[in-house]
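K.L.:
Sequence:
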Amino acid sequence: MARKQVKDKERPIATWAEAEAAMAEYAIAQTRIEREEAAYNHDEQKRRERMTEAHAPLRTEMEAIEQGMKKFCMTNRADFGGKQSKELGHGTVSFRVGNPKVDKVKGFTFEAVLDLLKGAPDRVRRMFIRTKEELNREAVLANDAVAGDPDADPESYISPAVMLKEYKLFVTQDETFGIEIKKAVETV
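Residue numbering for the sequence shown follows this note's numbering, starting at 1061 and increasing by one per position.
The set of hints was computed from the structure by calculation and includes no laboratory data. The reader is advised that the hints may include incorrect statements.
[What the hints assert, rightly or not] Listed below are the simulated DSS-like cross-link pairs for lysine-lysine, each with C-alpha atoms no more than 25 Å apart in a straight line:
#	residue 1	residue 2
1	1178	1166
2	1130	1146
3	1164	1178
4	1131	1146
Could you put together the complete structure from these sequences and hints?
P.N.:
And the structure:
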């Protein structure tokens, strides 16, 4: 199926009077969209509430069946024949082994475990403690802010030219255009 190409559309605006009229049209369109989306979301929420309420007894019954099936299958695990699952007429029951995960002794935090590992021999520390190095972007931004200050000590920062030439870093800042309509009542 061929894709239809959409060309960029732009309404030419030549005067502030035309800009004011366009802003009014924009505000009316945005308000209509918001009103219709709110009505749609309200109706959708009501449908979800009705569905949740109608299905609550069924979900409660399913949970009870699941607990009974789990207890039965655990008691009769030998009938699985060494497999993790057993096919039944209307579905499959199974036991799955989760992925291994690191846990700690109750009463200890991972920070406390890390402190214990820091006191371990070098070999153990190298095996189990990871050191992460990353660029300190906040420091680069702070350096750039100081570089524009005429009262700044040149020894306390690196010039933008050196940052670019030696370290291939520079600071950019984008400017974006936006439209914000005025409303009688602002929503939170």
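K.L.:
Each hint should be assessed against the structure and marked as holding or not.
P.N.:
Against the structure, the hints:
Between residue 1178 and residue 1166, the direct Cα distance comes to roughly 20 Å. Compliance with the 25 Å bound is thereby established for this hinted pair. Pair hint residue 1130 plus residue 1146 holds up; C-alpha atoms about 12 Å apart against a cutoff of 25 Å. Of the pairs offered as hints, the one joining residue 1164 and residue 1178 holds, with about 16 Å between alpha carbons and a cut-off of 25 Å not exceeded. Proposed proximity of residue 1131 and residue 1146 is supported: the alpha carbons are some 14 Å apart, at most 25 Å.
Of the numbered hints listed earlier, not one is contradicted by the structure.
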